[in-house]
Amino acid sequence: MLYFNSFIKEGVIMSFLKLILVLILSFYGCTTKPSTKEKKIVIWHWMNDREEAFNELANRYREKTGITVVFKLFSPPDIYSQKIIAAARAGNLPDIFGILGEKKTFASFIKAGHILSLNNYMYENSNNWFNKFYPQTIKVVMFEKNNIYGIEEGIYAVPLDTTIMQFIYNKTLFKKAGIDLNPPQTFEEFIEVSKNIKEKLNVAGFASGWAESWLLNCLATEWAINIMGEEKFLKTIESKIPYTDPDWIKVFELFEKIRDSGILMPNIITTINKEAEDIFSKNKAAFSFNGTWAINVYKQLSSDLDYDFFSLPKAEPKNPIKIWGGAGTYFMVNAKSENKEEAVKFLKWLTEEEQQIFLIEKTNNLPAVRGCEDKLPEKMKKLLFNLENLTHPNIWKYNEDSRVIEIINTGLQQIILGIKDAKSLASEIQKEKERITLKNE
Amino acid sequence: MSNAADKTKNFSFILPALIIFSIFWIYPFFYTIFLSFFKGDAISNLEFVGFLNFKEILFNDKAWWRSIYNAAFITFFALTFQNILAFCLALGVDKSIRAKNFYRVVFFILPILSEIIVGLLMREILISDPGIFNQWLKKVGLGFLARDWFSKENVLLTTAIVHSWKGFGWAFVIFLAGLQTIPEQLYEAARIDGANAFRTFLSITLPLLMPVVALIIILTISGTMQAFAMILALTRGAGGLTEVPTMRIYNHLRLGQVGFSCAEGLILGVILVFVSGTVGLISKKIRERWGVL
Numbered sequence: 001m002l003y004f005n006s007f008i009k010e011g012v013i014m015s016f017l018k019l020i021l022v023l024i025l026s027f028y029g030c031t032t033k034p035s036t037k038e039k040k041i042v043i044w045h046w047m048n049d050r051e052e053a054f055n056e057l058a059n060r061y062r063e064k065t066g067i068t069v070v071f072k073l074f075s076p077p078d079i080y081s082q083k084i085i086a087a088a089r090a091g092n093l094p095d096i097f098g099i100l101g102e103k104k105t106f107a108s109f110i111k112a113g114h115i116l117s118l119n120n121y122m123y124e125n126s127n128n129w130f131n132k133f134y135p136q137t138i139k140v141v142m143f144e145k146n147n148i149y150g151i152e153e154g155i156y157a158v159p160l161d162t163t164i165m166q167f168i169y170n171k172t173l174f175k176k177a178g179i180d181l182n183p184p185q186t187f188e189e190f191i192e193v194s195k196n197i198k199e200k201l202n203v204a205g206f207a208s209g210w211a212e213s214w215l216l217n218c219l220a221t222e223w224a225i226n227i228m229g230e231e232k233f234l235k236t237i238e239s240k241i242p243y244t245d246p247d248w249i250k251v252f253e254l255f256e257k258i259r260d261s262g263i264l265m266p267n268i269i270t271t272i273n274k275e276a277e278d279i280f281s282k283n284k285a286a287f288s289f290n291g292t293w294a295i296n297v298y299k300q301l302s303s304d305l306d307y308d309f310f311s312l313p314k315a316e317p318k319n320p321i322k323i324w325g326g327a328g329t330y331f332m333v334n335a336k337s338e339n340k341e342e343a344v345k346f347l348k349w350l351t352e353e354e355q356q357i358f359l360i361e362k363t364n365n366l367p368a369v370r371g372c373e374d375k376l377p378e379k380m381k382k383l384l385f386n387l388e389n390l391t392h393p394n395i396w397k398y399n400e401d402s403r404v405i406e407i408i409n410t411g412l413q414q415i416i417l418g419i420k421d422a423k424s425l426a427s428e429i430q431k432e433k434e435r436i437t438l439k440n441e
Numbered sequence: 442m443s444n445a446a447d448k449t450k451n452f453s454f455i456l457p458a459l460i461i462f463s464i465f466w467i468y469p470f471f472y473t474i475f476l477s478f479f480k481g482d483a484i485s486n487l488e489f490v491g492f493l494n495f496k497e498i499l500f501n502d503k504a505w506w507r508s509i510y511n512a513a514f515i516t517f518f519a520l521t522f523q524n525i526l527a528f529c530l531a532l533g534v535d536k537s538i539r540a541k542n543f544y545r546v547v548f549f550i551l552p553i554l555s556e557i558i559v560g561l562l563m564r565e566i567l568i569s570d571p572g573i574f575n576q577w578l579k580k581v582g583l584g585f586l587a588r589d590w591f592s593k594e595n596v597l598l599t600t601a602i603v604h605s606w607k608g609f610g611w612a613f614v615i616f617l618a619g620l621q622t623i624p625e626q627l628y629e630a631a632r633i634d635g636a637n638a639f640r641t642f643l644s645i646t647l648p649l650l651m652p653v654v655a656l657i658i659i660l661t662i663s664g665t666m667q668a669f670a671m672i673l674a675l676t677r678g679a680g681g682l683t684e685v686p687t688m689r690i691y692n693h694l695r696l697g698q699v700g701f702s703c704a705e706g707l708i709l710g711v712i713l714v715f716v717s718g719t720v721g722l723i724s725k726k727i728r729e730r731w732g733v734l
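Sequence order for the protein chains is A and B. Counting from 1, one number per residue, gives the positions in the first sequence under our numbering. Counting from 442, one number per residue, gives the positions in the second sequence under our numbering.
Be careful, since some hints might not be right.
To be verified - In silico DSBU-like cross-links for lysine-lysine, where the CA-CA straight-line distance does not exceed 30 Å:
#1 A:Lys397 x A:Lys318
#2 A:Lys439 x A:Lys379
#3 B:Lys580 x A:Lys423
#4 B:Lys579 x A:Lys431
#5 A:Lys235 x A:Lys250
#6 B:Lys503 x A:Lys439
#7 A:Lys104 x B:Lys503
#8 A:Lys274 x A:Lys375
#9 A:Lys232 x B:Lys503
#10 A:Lys375 x A:Lys362
#11 A:Lys282 x B:Lys580
#12 A:Lys235 x B:Lys579
#13 A:Lys431 x B:Lys503
#14 A:Lys282 x A:Lys379
#15 A:Lys257 x B:Lys593
#16 A:Lys284 x A:Lys195
#17 A:Lys257 x B:Lys503
#18 A:Lys139 x A:Lys381
#19 A:Lys282 x B:Lys503
#20 A:Lys104 x B:Lys480
#21 A:Lys195 x B:Lys579
#22 A:Lys145 x A:Lys104
Treat the hints as calculated values from the structure; they're not laboratory data. Here the structure is a predicted model, which is why all the values come from computation and not from measurement.
Just chain B, same shape as in the assembly (with noise of 0.2 Å):
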């Protein structure tokens, strides 16, 4: 067969993910780029404005930023909270103890569950009136920690926390995943040479785990930074104390503005990507350095 034909065979093969791929990510892309310098509602009206719209988001928007940070707060808890208790439970069951099948089935369940469910179902145990867990606090003899989960000083935490408790489950996994692929004989001879738990898990686990480590950062980060729907129902914004981006970007194509909000998603996926990126150089520079991450 010739060469052109051989290309032309192997390109056949790929043409459809592309279609599908250029039809459903490629021009998407390339479109909200396009909006992101018009204003008006795509419907009958489109002005070209040119970077009106990244100005006024960047320099005019204060909401923009209190959004980013309120993004930003949840995604510190999840990378602090979420992550160390994901990392944990991975380590207490990736050993030998007892129903450890069980336990990884009860921790992945949450990340399977909804986040409109998990949202709703978490704004009815923790609002205050009757309060279900406020009451439980008081039962359980920890009533001196029942208050009002959504008042203007804790809902950003409120926020926090529940976001953590529903996605500390697909850390777990992936910890434990990496958990499960460092070799079993570099624990052998690490209690042959006489080594403690601590210190195999400080010159053995940690290390061999840092690649996970980082790629769960990244993960954390990028998540969390566009979590939506659990926040909108379980708190829906609170007068701007929990509305991140997304749901700035939301309420703002909700109300027609397309192009502005096509802006909103370029400046965040830009963040996002700065972020990341980052997080991945300063790994990257560490291994080379000293061996890890």
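If we strip away everything but chain A, and leave its shape as in the complex, we get (with noise of 0.2 Å):
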């Protein structure tokens, strides 16, 4: 003790501050920026399947500009969306990002001022970038005049692909079980097909991850613009029409439809999408419903699949149909950066056709700009016919609040599962409608 009490009146712990500040100001004196003006541009992604393409493009751009572009992956897209909201919060977001989340998520940085306005270079040389893209996939990155969000008119995004969801079926397992190689047309086709299947080859009939329930979402959104048009879907968001109304009721009942037939999958409200495609790719299930994704996703897992993607099956025949879908991939600048001019060039360079060729080899995404087709292969081709079929809750002026979404997850979830049927779920969603509406007024 006496020791350690001469120690520190030798002010010995003094001279040691001294030292660890000496250090900290060499270190911060290393650590400055260089004095040599190296353009660096920093891209975080959570993309795991494109990391290998994309650092070929930022060799390729630095080849070409002497430009550094580093992208770092942060993954899975769950731990990707905490980082770059944690990065917004703190303002140190990179100078190019992407945003994983609902439209109000992307409204969110724009009015904190991260995400750069693009009409300037988009509408620039007679709107020469904006003409490229396909104007269904550029439209889920832009702000309509007078929008909900109280953000300025205009682009705030450069997609990089499309994506579009569909059904999907096995090749093999419909020529092993003897049937016409033609997709089902209507609902009740579907549901036929898939029993038929299921019993010759005891498969089954349709797999996709519903633990997701986004994916549940998307398919009930499909099944509810064929059955009651896209305006009056729009017109329940807007309070206008409640979801007790029949129309809405019938989107329920095929769940329970599909519940009945006994063709989903075992366990399919507990299974992620990853595992339902590694099913699909096994010859394990005769439908399935994805992302066009699926394509690259496939590929690796299993070379020889044989399938092909089909439209929705029609609950009311006479209607026309509307496909989730859009930009599936977007980049955003960062309003803060330094080297915001630098990553819109980049950007630029992109999305110019031979990367977006080089992208398409790689990666099997759509292009999210014209002028590619030729390039594609036959399967991924046919899908760009039903572009102008796209709908998207970025698209639309209105959209419906968190908790009412949830409500309609969970318990189509819960349809399938056999614990509500459709009235109920009907009316418990319009009352948590009715008590949102009355407390938002």
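Two chains, each in its own frame: build the complex with the hints.
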């Protein structure tokens, strides 16, 4: 103890603190930005499957311009999403980033001044850049005039690809069961064919990752629009039509019919999409409902899988359908970045035909821009015919309250589990909708 | 050295810990309370709503109470099945049995494993297609027990069993530590007095182990009510049938409902403090009255 006291008295601690201070200052001196003006663009993303392709493109860009582009991968998407939100709150977002989530999150980033408006770049030279994109793809990243979020009209991100949610059927199982290779056109046909294949081959009729309730929501939305039309669907969100409307009950009853038909894979409500993709790729299910990213996934899981996409089996054969889709991945430019001009230039380069074709070949995603159609495999080319039928929550004038969405999604899962019926779900949703509307007023 | 200098010196020793504690515990705690009175995602919008989030959760959110029920069911199962199993195993290993050190290691492996890994592993084993566990049951002549472990009737019980299976190891370790603090002389005296094994257990082991029992009850309640990763990996909430409060907090945070999820976190915290406090109080009263617990 005596020794310790004298140790302090001798001011060793003070010397030690001074030493730390010197070290901190020296370290700071070493880590301040180099005087050279070398530009470096940092991009954060979550796409495991595109990491290699992105790095290759970064190398090509450096060779061309001398500017270093660093793609930083943060996976899985949930973790990435949290990282981006935390970085926005802390004010240290990278030069380019993507946002995963609803349009209101996108709007929130814009309101906080984190996202650069791309209007000037998109519309310069007679809308040159803007016109390259498929209209349905670019719409997803646009904010219309007088939008409910209070965001100034404009374009705030650059789509990198187009994603479409589609039904998929397994051709091998169709052949084995001796069924014509024509995918079902109606809901009834879909149930019938699924049952048929299940009985003949002892495989599941339908596989999907319905533990991820957004997939159920997607499908319910497509059937709702087919049954009642997009206008009536949007009027429900506006509270002008109740969820207890017979058309809505008809939508929920479709899920009862699917459940009762016995075509679903076992434990579908506890299955995530990755597991469902694995099951489908192993020829254990006749049908699936998935995004166009599945092309790449199936290629990696089972290169000889024989399958094809087809549009929603109609619940109302006479009515038109709308398909959930649009820009799948999109990148934003950090409005507070010192390198924003370079970041925009890089994104422009990335959406040029040559780079898009490279991405198609490497990642099997549908392009965001026109002019690459010839390079697409037949399976993917066919999907582009559906572009004019696309719809997406990001392009709707109104979006449903997230509490209501939660009740719809959980309710659909509970219908599949057999603990709720269509009518009770409809009245539960409506009750919550009315309560929220009243609260907001 | 003057009194003030002495105090300054002493304070300098705890300063680093105080800074770390303030940054990582005190600040987030008060910030969570602060955010719970707001609505919004905390990126660009935060609207003061007073106690509205609390009112919504407590009076209008059926799913929240369902999640509390689910967590309480799993906790009850852990308090009984898990802890009784752990206690029996600790009693067994505490005696001079062959290879007791081996068993100690084996029983403690499970708590060391990651919750996600246990969840995914058990999912693979229990899932009914092809059903490794069901096939094994059939092979050993217990085919009547084979079932769809993730059906609406079984999924919550399956979650509780897997949680208890994963968690009994740490209760085992604490029970074992408690058993080893009981002086051997007491057992010798009991033997000399002619007490049989059951009497010795009732009169010596159980009363002296009661403080440990109270500790395990409190730790089980607070730990299980906050269970998350294993359940997420095992059932993903199963349409609300196995959704627990922490899962709801996580989902709302993910959807940008920051204030709402902070309020949920606080309500859960208050429930846990209340339940643990009640257990502690009951234990104290019993100890004062009967000299046990």
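| request: Enumerate the violated hints, using their earlier numbering and listing them in ascending order. | output: 2, 3, 4, 12, 19
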